[in-house]
Amino acid sequence: MMSRRDSGCSRRRFIKQAAGAGAWLLAAPQIIPATALGRNGAVAPSERIVMGGIGIGSRGGYDLGIFLRQPEVQFVAIADVRRVRREAVKEMADKKYGNHDCAMVWDMFELLGREDIDACLIATGDRWHTQASIETAKAGKDMYCEKPCSMTIAESRALADQIGRYGRVYQAGTQRRNIANFMLAIHLAQSGKLGKLHTVHANTLDPATSKIWLEGQPQPPNDEVQWDRWLGPTPWRPYNEAYVRGRWRGYYDFHGGGILEWGAHTVDLCQWANQADDTAPVEYLPDGKDVIAHYANGVKLVMREKGWLGLGTCAVRFEGDEGWVETGDSGRIEMWPSNLRSEKRIFSVAGTTPTAHIQEFLRCVKSRRMPAGNASTACQSHIACHAAYIAWQLGRKLKFDPARDEFIGDAEANRMRTRALRQPWRS
Amino acid sequence: MHRSRQSLLAFALAVTLLAIADVAPTQANEPGADRSKETAELLKIIETDGLTAAKAAAFENLAVVGGSDAIPVLAPLLADQSLAHYARYALEPNPDPAVDRVFRQALKNLQGDLLIGVINSMAVRRDAGSLSALEGMLADKSPEVVAAAAAAIGSIATPEAVALLTKGLADAAEAARPGFARGCLICAENLGKAGQLESAVALYDLVRAAKVPKNIQLAGLRGAILARRTAGIPLLVEQLASSDREVVNVALRTARELDDPAVPKAIIATVGGLSEASTALVLLALGDFSDPSVATILAKVAASGTPRLRLAAIKSLGKAGDGSAVAALWKGALGSDPRIAAAAVAALVAIPGEDIDAAIVAGLNSDDAAKRELTLELIARRRIPAAVPQLLKLAEGSDKSLRLLAIQALGETAPQKYFSTLIRWVIAAQEGSEKATTAKALQAACTRLPDRDACASALTGSLAAASGAAETTLLEQLGAMGGPEALQCLADCAKDSSPETQDAATRILGTWVGSDVGPVLLELARSIQNKKYKIRVLRGYIRIASQFGLPHDEKMEMCRQALAVAERDNERELVLKVLERNPSPISLGLAVGLLDNARLKNQAASVALSIAERLLEEEPKPVAEAMQVVVNSGVEHNFEKRAKTYLERALANSH
Chain A
1 MMSRRDSGCS
11 RRRFIKQAAG
21 AGAWLLAAPQ
31 IIPATALGRN
41 GAVAPSERIV
51 MGGIGIGSRG
61 GYDLGIFLRQ
71 PEVQFVAIAD
81 VRRVRREAVK
91 EMADKKYGNH
101 DCAMVWDMFE
111 LLGREDIDAC
121 LIATGDRWHT
131 QASIETAKAG
141 KDMYCEKPCS
151 MTIAESRALA
161 DQIGRYGRVY
171 QAGTQRRNIA
181 NFMLAIHLAQ
191 SGKLGKLHTV
201 HANTLDPATS
211 KIWLEGQPQP
221 PNDEVQWDRW
231 LGPTPWRPYN
241 EAYVRGRWRG
251 YYDFHGGGIL
261 EWGAHTVDLC
271 QWANQADDTA
281 PVEYLPDGKD
291 VIAHYANGVK
301 LVMREKGWLG
311 LGTCAVRFEG
321 DEGWVETGDS
331 GRIEMWPSNL
341 RSEKRIFSVA
351 GTTPTAHIQE
361 FLRCVKSRRM
371 PAGNASTACQ
381 SHIACHAAYI
391 AWQLGRKLKF
401 DPARDEFIGD
411 AEANRMRTRA
421 LRQPWRS
Chain B
1 MHRSRQSLLA
11 FALAVTLLAI
21 ADVAPTQANE
31 PGADRSKETA
41 ELLKIIETDG
51 LTAAKAAAFE
61 NLAVVGGSDA
71 IPVLAPLLAD
81 QSLAHYARYA
91 LEPNPDPAVD
101 RVFRQALKNL
111 QGDLLIGVIN
121 SMAVRRDAGS
131 LSALEGMLAD
141 KSPEVVAAAA
151 AAIGSIATPE
161 AVALLTKGLA
171 DAAEAARPGF
181 ARGCLICAEN
191 LGKAGQLESA
201 VALYDLVRAA
211 KVPKNIQLAG
221 LRGAILARRT
231 AGIPLLVEQL
241 ASSDREVVNV
251 ALRTARELDD
261 PAVPKAIIAT
271 VGGLSEASTA
281 LVLLALGDFS
291 DPSVATILAK
301 VAASGTPRLR
311 LAAIKSLGKA
321 GDGSAVAALW
331 KGALGSDPRI
341 AAAAVAALVA
351 IPGEDIDAAI
361 VAGLNSDDAA
371 KRELTLELIA
381 RRRIPAAVPQ
391 LLKLAEGSDK
401 SLRLLAIQAL
411 GETAPQKYFS
421 TLIRWVIAAQ
431 EGSEKATTAK
441 ALQAACTRLP
451 DRDACASALT
461 GSLAAASGAA
471 ETTLLEQLGA
481 MGGPEALQCL
491 ADCAKDSSPE
501 TQDAATRILG
511 TWVGSDVGPV
521 LLELARSIQN
531 KKYKIRVLRG
541 YIRIASQFGL
551 PHDEKMEMCR
561 QALAVAERDN
571 ERELVLKVLE
581 RNPSPISLGL
591 AVGLLDNARL
601 KNQAASVALS
611 IAERLLEEEP
621 KPVAEAMQVV
631 VNSGVEHNFE
641 KRAKTYLERA
651 LANSH
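The listed protein sequences derive, respectively, from chains A and B.
Sequential numbering from 1 applies to the first sequence in my numbering.
Sequential numbering from 1 applies to the second sequence in my numbering.
These aren't lab readings, by the way, just hints derived from the structure by calculation.
Heads up, some of the hints might be wrong.
Straight-line alpha carbon distances no greater than 25 Å define the calculated SDA-like cross-link-like pairs of lysine to any residue that follow [as the list claims (entries may be wrong)]: (1) 366(A) to 437(B); (2) 344(A) to 437(B); (3) 37(B) to 411(A); (4) 289(A) to 585(B); (5) 55(B) to 236(A); (6) 344(A) to 443(B); (7) 214(B) to 109(A); (8) 55(B) to 229(A); (9) 440(B) to 399(B); (10) 344(A) to 142(B); (11) 211(B) to 116(A); (12) 300(A) to 548(B); (13) 138(A) to 583(B); (14) 371(B) to 389(B); (15) 440(B) to 346(A); (16) 193(A) to 371(B); (17) 440(B) to 180(A); (18) 344(A) to 585(B); (19) 193(B) to 404(A); (20) 344(A) to 353(B).
Going by beta-carbon spacing under 10 Å, a handful of chain B positions derived as facing chain A [what the hints assert, rightly or not]: (21) 56; (22) 90; (23) 114; (24) 185; (25) 216; (26) 248; (27) 436; (28) 440; (29) 480; (30) 484; (31) 631.
Simulated DEER-style distance windows between Cβ atoms [stated by the list, open to error]: (32) 323(B) to 342(A): 18 to 28 Å; (33) 245(A) to 49(B): 23 to 33 Å; (34) 198(B) to 95(A): 53 to 63 Å; (35) 115(A) to 234(B): 44 to 54 Å; (36) 653(B) to 245(A): 26 to 36 Å; (37) 363(A) to 265(B): 20 to 30 Å; (38) 109(A) to 238(B): 51 to 61 Å.
It should be emphasised that the depicted structure is a prediction, and the values quoted were computed from it without experimental measurement.
The beta-carbon is built from N, C-alpha and C at its ideal position, and this holds for glycine as well.
Based on the sequences and whatever the hints tell you, model everything.
Here is the structure:
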């Protein structure tokens, strides 16, 4: 059997299925090399997932390291507007495969134009997540995209629409949906073991961002940094090296603030616990650096920075009329009453590793199932975070219609649902 | 750095004072309030020369508060290469219909990206009155302009829009056709949302038949299936028979999206008529349906299919299986194919039901040793309490392998009354595998048993009989259990004469969950003589101040105490980090107090400056006092310079 490189054909062509329907229903001797079927540790070509990366920095590099350890993944190309990052990613991939084959391009469209690539890892700065995901979907590829997934309510909706439109598999980097202690907390909330759920708490950070600009510096050569593309759909501002080296958080144009920063994980988990993955709270009330929200089903969502039990970052707490559970990134989980402890197990994986989340994504690429962090759920939890941030900015209580993605009776809040994208980008 | 609350309203009020500044929460936060005064101030800023942060922020704030009076100022800027996006930023969300007229007019004068930008803004606004203006763009020679216009028309989704896109797709040159097709997809989606499914289906059918890139055709196919709803099932099934994996993928996706009870039956009917590869994918998809017929077909294939299909069916049985699958799963779990075996074990663990429990426990009576061992593993993973009597017998038996597996299973299943038995096994364990297994069983029991206090008492009461690894195991479980009794016990052990005991206890206390450990750690930090353990408990104490949501004053007192006890700069540095994250006059004072430390001088200055920056407005007096100390302390020039700046600002604010 020829390898892809020998034959030059894509995976899709490779796996065009033989005829002879029906005969295989009964087990019969087959003369197929075991390696082609994926035994002995080898992955059959038909099961291989060819991947590229878009915007891979420190977080993306961590994700990429996990992708590279998955036997079915073959990582072939990196697109990044920074040369130093292109080279770092190429070095990682080439070292893994013992060759020099990983292609480097600055323009993601060049990567997206490659027919052999099935899926992409997207780990740009937040400002690019939606746009890169949409372009990836339009190119007919699946994607694992780091969080936060969007900068506005409108982008959240556009993301879900476009991923659905092109039937792509999308996994947001909300890995706590596949981490055991968080999953147990969700189970307790959803199964009624806490009684009737009345309050869900999401650990968030200081919502503040800034509109200042760093001092302008001479733009480096395009080969080093493509500044215009780095900015992408966001408003133009002068170049400063600090931005491209990762110090873009905290700026309004590039970052959604502290509610979204952790809420992309924790509000997302609260939505799940409340079985509200298809909606968002209907009311938001800012309270200092916190925001208190309410769902249509009466459940209260408290987005707060402080007052946690110390179970680690990105904590969540779910309270019902018969009990509560709280957990965080330490992997530890506390609950009351004590008989709930009978649900606990020794977690084989604790902490924040996205390995299981990435593996779920890869399974879904093959099966076409929607993964846990799919675009629809990510869209709704991000809308909740954006709405809370808008309420915080305006300093007033807002009512929201999740069916229309619209604030009720507040034109100014509605105008904050979107930000015009810099030309020629559109979502 | 200005950490301003993003209150655009407050910002608007502040713009006349300073371009961008820290601002207080707005006083004018009522929806629908008159914003004309703020708008006028913002417009003054955007009429200044050049592009600055203040000007950029003014545009962004006009996006929210700008009224009709902003439009004539912003409109000419749509043709300004450097300001066009900012102008659109301000105009796009402005609900005044005059904005639509401005955009329509701009289409006549713009080209390239500026033109595309305006068209994209029109798409966001979905103004039906702009249709004829957008129609004119469909003839543009740039495919990008055509694509933008087609998307905008698709977003409007009126019958006239449908007609334009339909004709455009039919007549377009190859380069422009994908843009039209994508516009048709947008339009069809909007029609579907409005309940106009027939029109949507017609558009989707056009797209899937069009000569456009395959991924666009496939999007049309997906839409054509979903928009037909139940009537789309035959089209879905038809795709499953395709030899093209990507077409099959569309069917697999839409099967899950249709949410129609007829779907599982329809795709079950295809099993036997498809290629092996497609059937395997269908079997995986069936796992997502709860239809009773699903379990039957999955069990059948799991028992008699080819290895590839058995694997797929068994994977799905974990989600959709029932008791009918148990025999096939046992066979797979004990078979020679490791992938099938792993999937079958996972399914046997996952399928719920007491009948499954009973079928599994029956495996203990098997003559097959491998089956008995697997049965014990399954009992443990399913936590089957009914098996406890048999497990206790096996745990006292002579077959070591079964004995250890039974102990492990008891860790997962035994009720509280057998907890002391589990402890006894830990203490009595003689060699490696036995020690590891009994420790793991005890850990499993401690993890799940409801009466945490009873467990802690039993562990505490058994410590005297334990030594070495067994003692460490008991202490670790005490740490995991938590509670006052466990805490007191560990505190006592931290002062034990045995270095091994002291090592384990201080390590466990250092990672204790709960701020109640704070006073214990502080007392140990003062009293322990061993330097290694002293450092360990002090660092644990600082961790409590750092990570727990304690009241500010309490945290600051902990920092003060930690600094008093600390003998090394490493721990003082940790305290400085806590201080930086908790700005207040107290934390500022504590940071300034470290300026006397020659090695930490600059670090302390950096933290003091960071805190001062955030207190300038609200606490100018303590900031001024602290900055005066920094200025006089001989720190690096840049710190001194910043301190002087803050000193001046603080003094100004004090007045």
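For this session: Identify every previously stated hint that the structure contradicts and give their numbers, smallest first.
Result: Per hint list: 1, 10, 13, 16, 18, 27, 30, 31, 35, 38 violated.
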